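Construct the entire structure; sequences and hints are all you get.
In the order they appear, the protein sequences are chains A and B. Mapping to numbering that gives the first Met the number 0: the first sequence position 443 is 442, numbers consecutive. Mapping to numbering that gives the first Met the number 0: the second sequence position 102 is 101, numbers consecutive.
The hints are simulated quantities; they were obtained by calculation from the structure and are not laboratory data. Treat the numbers as computed from the prediction; the structure is a model and nothing was measured. Do not take every clue at face value.
[To be verified] In silico DSSO-like links for lysine-lysine, alpha-carbon gap of 30 Å or less:
| hint | chain 1 | residue 1 | chain 2 | residue 2 |
| --- | --- | --- | --- | --- |
| 1 | A | K277 | A | K318 |
| 2 | A | K364 | B | K235 |
| 3 | A | K377 | B | K238 |
| 4 | A | K373 | B | K245 |
Residue strings, one per chain:
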Amino acid sequence: MATDLRISNISKIYPGCIANDNVSLQFKSGKIYALLGENGAGKSTLVKILSGVISPDNGEVYLNEKNLKLSSPLDAKKNKIGMVFQHFNLFETLSVFENLSIDATEDNKSLRVKINEILKKYNFSIDLDVPVLNLSAGQKQKVEIIRCLLRSPKVLIMDEPTSVLTEQETEELFISLKKFCDEGILIIYITHKLKEVLSLCDEVAVMRKGKVVSVSQTQNEKVETLANKMVGQKLAKIKKKINISKNKDEIFKVKHLNFYSDDPFETNLVNLNFSVKKGECLGIAGISGNGQNELFQILSGEIITPNTSIIFRNKEIAKLNPKQRREYLMAFSPEDRISQAAVPELKIYENVALNNFKSSNFFEKGLVNERKIKEHSKKILSDFSVNTDNVELKSQFLSGGNLQKLILGRELITAPELLICYNPTWGLDVGAINYIHETLIKINDQEKSTILISTDTEELLKLSDRIAVIYKGKLSKIMPSDEVTPEKLGILMGGGSID
Amino acid sequence: MEDLLIRIEKRNDVPTTLYFFTPFIAIILTIIGGGIIFYALGFNPVEALKFYFITPISNLYGLSELLLKATPLCLIAIGLSFCFKSNNWNIGAEGQLTFGAIVGGGVALLFYNQDGFYILPLIIIAGAIGGMIFALIPAILKTYFNTNEILVSLMLVYVSKLILDYLVVGPWSNPEGFNFPETRQFSDSSRMPLLFEGLRIHAGIFIALAAVLVSWFVLYKTYLGFQIKVSGLSLKTAKYAGFKGKTMILIVFMISGACAGLAGVGEITGPIGQLHRMISPDYGFTAIIVAFLGRLNPFGIIFASLVVSLTYLGAETAQIFLQIPQYTGQVFQGMILFFLLASDYLLFFKIKFQNFSKNELRH
Numbered sequence: 000m001a002t003d004l005r006i007s008n009i010s011k012i013y014p015g016c017i018a019n020d021n022v023s024l025q026f027k028s029g030k031i032y033a034l035l036g037e038n039g040a041g042k043s044t045l046v047k048i049l050s051g052v053i054s055p056d057n058g059e060v061y062l063n064e065k066n067l068k069l070s071s072p073l074d075a076k077k078n079k080i081g082m083v084f085q086h087f088n089l090f091e092t093l094s095v096f097e098n099l100s101i102d103a104t105e106d107n108k109s110l111r112v113k114i115n116e117i118l119k120k121y122n123f124s125i126d127l128d129v130p131v132l133n134l135s136a137g138q139k140q141k142v143e144i145i146r147c148l149l150r151s152p153k154v155l156i157m158d159e160p161t162s163v164l165t166e167q168e169t170e171e172l173f174i175s176l177k178k179f180c181d182e183g184i185l186i187i188y189i190t191h192k193l194k195e196v197l198s199l200c201d202e203v204a205v206m207r208k209g210k211v212v213s214v215s216q217t218q219n220e221k222v223e224t225l226a227n228k229m230v231g232q233k234l235a236k237i238k239k240k241i242n243i244s245k246n247k248d249e250i251f252k253v254k255h256l257n258f259y260s261d262d263p264f265e266t267n268l269v270n271l272n273f274s275v276k277k278g279e280c281l282g283i284a285g286i287s288g289n290g291q292n293e294l295f296q297i298l299s300g301e302i303i304t305p306n307t308s309i310i311f312r313n314k315e316i317a318k319l320n321p322k323q324r325r326e327y328l329m330a331f332s333p334e335d336r337i338s339q340a341a342v343p344e345l346k347i348y349e350n351v352a353l354n355n356f357k358s359s360n361f362f363e364k365g366l367v368n369e370r371k372i373k374e375h376s377k378k379i380l381s382d383f384s385v386n387t388d389n390v391e392l393k394s395q396f397l398s399g400g401n402l403q404k405l406i407l408g409r410e411l412i413t414a415p416e417l418l419i420c421y422n423p424t425w426g427l428d429v430g431a432i433n434y435i436h437e438t439l440i441k442i443n444d445q446e447k448s449t450i451l452i453s454t455d456t457e458e459l460l461k462l463s464d465r466i467a468v469i470y471k472g473k474l475s476k477i478m479p480s481d482e483v484t485p486e487k488l489g490i491l492m493g494g495g496s497i498d
Numbered sequence: 000m001e002d003l004l005i006r007i008e009k010r011n012d013v014p015t016t017l018y019f020f021t022p023f024i025a026i027i028l029t030i031i032g033g034g035i036i037f038y039a040l041g042f043n044p045v046e047a048l049k050f051y052f053i054t055p056i057s058n059l060y061g062l063s064e065l066l067l068k069a070t071p072l073c074l075i076a077i078g079l080s081f082c083f084k085s086n087n088w089n090i091g092a093e094g095q096l097t098f099g100a101i102v103g104g105g106v107a108l109l110f111y112n113q114d115g116f117y118i119l120p121l122i123i124i125a126g127a128i129g130g131m132i133f134a135l136i137p138a139i140l141k142t143y144f145n146t147n148e149i150l151v152s153l154m155l156v157y158v159s160k161l162i163l164d165y166l167v168v169g170p171w172s173n174p175e176g177f178n179f180p181e182t183r184q185f186s187d188s189s190r191m192p193l194l195f196e197g198l199r200i201h202a203g204i205f206i207a208l209a210a211v212l213v214s215w216f217v218l219y220k221t222y223l224g225f226q227i228k229v230s231g232l233s234l235k236t237a238k239y240a241g242f243k244g245k246t247m248i249l250i251v252f253m254i255s256g257a258c259a260g261l262a263g264v265g266e267i268t269g270p271i272g273q274l275h276r277m278i279s280p281d282y283g284f285t286a287i288i289v290a291f292l293g294r295l296n297p298f299g300i301i302f303a304s305l306v307v308s309l310t311y312l313g314a315e316t317a318q319i320f321l322q323i324p325q326y327t328g329q330v331f332q333g334m335i336l337f338f339l340l341a342s343d344y345l346l347f348f349k350i351k352f353q354n355f356s357k358n359e360l361r362h
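Shown next as structure tokens:
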């Protein structure tokens with residue numbers, strides 16, 4: 000029997016963010032559907048609603064025109080909606096069979112028969128009696144899939160299933176998914192990887208900022224068209240006057256930056272080499288999750304990688320921590336304003352004291368010099384037009400834009416030679432974005448350099464002198480930004496190659 | 000889809016005054032809860048509560064006992080506040096207390112037949128170092144081997160208790176003690192000076208008060224205190240600011256262990272005067288409640304240690320006058336923590352009933 004899943008006008012609002020804004024979509028069995036979007040676009044929220052983990056504020060879900068009430072994961076199971084999450088829900092120390100028997104309804108004997116049938120049918124080779132911790136990520140995922148198959152699902156939702164898989168395992172997964180699809184299971188495939196969408200799925204829905212922005216047949220799409228839909232290419236192309244000066248000194252030079260992580264949710268970086276000239280803005284584009292986080296932390300000194308050389312103003316700084324790097328006049332503005340760059344529970348002047356460079360005398364002989372910190376904070380508030388002059392205010396009462404101004408002010412008031420920022424205008428309103436863009440242009444005018452890591456193509460084209468794209472931890476060649484078009488960036492961001 | 004009837008939202012603005020006032024609410028609720036329990040057991044609740052909370056401190060001896068028991072609780076809780084404020088969950092203070100008492104007690108036994116003004120300071124320092132070393136075990140395992148400090152510090156409690164057990168029945172047992180599991184009595188030079196004749200309250204209380212003042216200064220006026228505060232609120236920020244995270248973990252555990260060790264030494268050189276199996280009625284665990292009831296604030300902790308100390312005394316009086324087991328003390332301690340956590344939940348979150356229109360929801 001054909002399955003028809005329809006979601007209608009789903010909304011979910013979290014304090015400070017609309018995760019799903021009136022989302023309506025329709026899925027029919029016999030096809031593989033992709034749900035595409037950047038991190039934070041609202042995909043996961045939607046999936047959690049479908050699997051009963053959270054309830055929407057508004058909207059309905061219909062399965063074969065029956066209105067489903069999904070108030071717990073159990074309801075989803077009862078209605079034959081199966082779900083494989085990005086993070087596995089398995090007990091590592093129990094065996095595969097024990098894991099599968101936990102929520103099974105059958106007795107152990109018939110369960111084993113049933114599992115073996117599935118293993119045979121789909122050509123999975125998994126030893127049922129080894130502890131899960133001995134399995135590879137791909138095998139663990141198969142265990143999760145078997146758990147769903149045991150309940151003969153009508154709908155199977157896969158949330159970012161390939162983020163922890165090898166190429167080989169990914170291929171195997173795709174073969175299985177196509178098989179399930181042929182058998183009439185409706186498959187919804189959540190991802191931010193464009194190539195996978197094109198090679199696996201029949202139809203693709205793109206989400207951005209909680210809304211569905213496009214639904215289309217994948218055969219009509221290309222990597223770059225999808226990339227542009229995903230990151231929201233606006234056509235305005237205001238550029239700053241490009242400043243690729245011929246003979247300026249290189250102020251910052253990175254050689255052999257490699258990063259390898261055991262954590263499958265981190266991205267490995269492969270041999271990054273680049274340099275930044277005095278007064279230049281180097282833009283690093285890419286869809287989020289391609290290694291930007293790791294790159295930022297290595298550049299700021301939060302992660303120290305062996306055998307990397309980072310030369311800044313003719314000094315080797317690769318082994319220094321963030322505080323020491325600041326002494327050499329580097330400054331950092333991370334992506335996460337609320338839990339990394341600043342602490343909301345702290346007062347403004349305490350947040351200012353986080354950038355404790357030596358000449359500040361914030362802490363003399365280990366003691367807090369409150370007067371000095373407050374004077375310094377007052378100056379930041381007025382110089383960077385933060386809309387308060389009360390340094391005792393807790394930072395949580397600042398709007399995103401004002402908090403970002405405070406952070407940039409804190410980082411810039413020391414007149415650093417190099418500012419590294421990551422998505423500096425993420426989630427801000429137009430006024431604040433303009434202010435921050437102007438500030439970033441101004442520091443380049445003052446012959447100070449910036450590295451701008453951003454997922455916002457428009458911002459990059461507006462501010463950068465040269466641009467490179469990071470994809471799966473590798474950096475493309477660095478291009479002068481007047482030779483770059485959004486289309487070219489789209490291709491590179493999707494893993495394609497140009498010329 | 001049906002709308003949820005109840006929604007729970009985080010409150011952004013919690014007034015500081017209310018934050019420090021909720022522990023009082025928790026205490027009042029505990030007293031009411033205790034009254035209900037007494038009533039259910041067939042006692043007159045007012046009478047029983049009077050036996051519990053008033054009788055024990057209605058004379059000088061009682062007041063001295065109150066301070067005597069509050070001393071170790073306060074000292075340990077002060078140490079724990081360093082750990083808890085920086086997101087390090089040391090719950091093995093009981094073990095650090097025991098190990099501090101073992102090391103301090105060992106020194107006291109070395110001098111069992113000697114006199115000298117230098118002996119007591121030596122014992123106190125030895126106890127602090129003992130506690131510090133014992134607290135360094137979970138700290139080092141956490142920083143260099145990524146273990147979970149909650150488990151390690153908790154399990155080490157039993158290790159230290161077994162070491163104590165072995166010592167008092169084995170090598171350190173009193174040769175003239177008829178095989179009782181206890182050591183010799185310490186010499187007078189190894190004992191904390193008593194403050195008043197006939198009362199058990201001893202000079203250890205000054206150590207606790209000094210710890211309060213020093214910890215206030217360190218936590219609120221120094222760079223170390225600032226780093227502890229930031230790390231407690233956001234480890235990501237601490238890393239970004241370039242704080243030396245590992246060193247800080249070691250430091251807070253050492254402070255915490257030293258305080259617990261001092262508390263242990265205070266007990267054995269104060270009221271007890273020797274080593275035996277039962278040197279602490281779980282002060283190290285109860286101090287966790289004290290630390291939170293005192294809002295991890297040094298002066299709050301003084302107050303909280305007095306309240307919790309009273310539950311120990313009340314339980315003893317209740318056992319004598321009402322013939323109920325003194326474990327009711329633990330019931331009261333549990334209730335305090337329960338009500339504190341419950342009022343905190345209501346303090347930090349608000350419960351909204353969904354009877355407003357959907358347009359309002361968008362704000």
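If you test the structure against every hint from before, which numbers come out violated? Violated: none.
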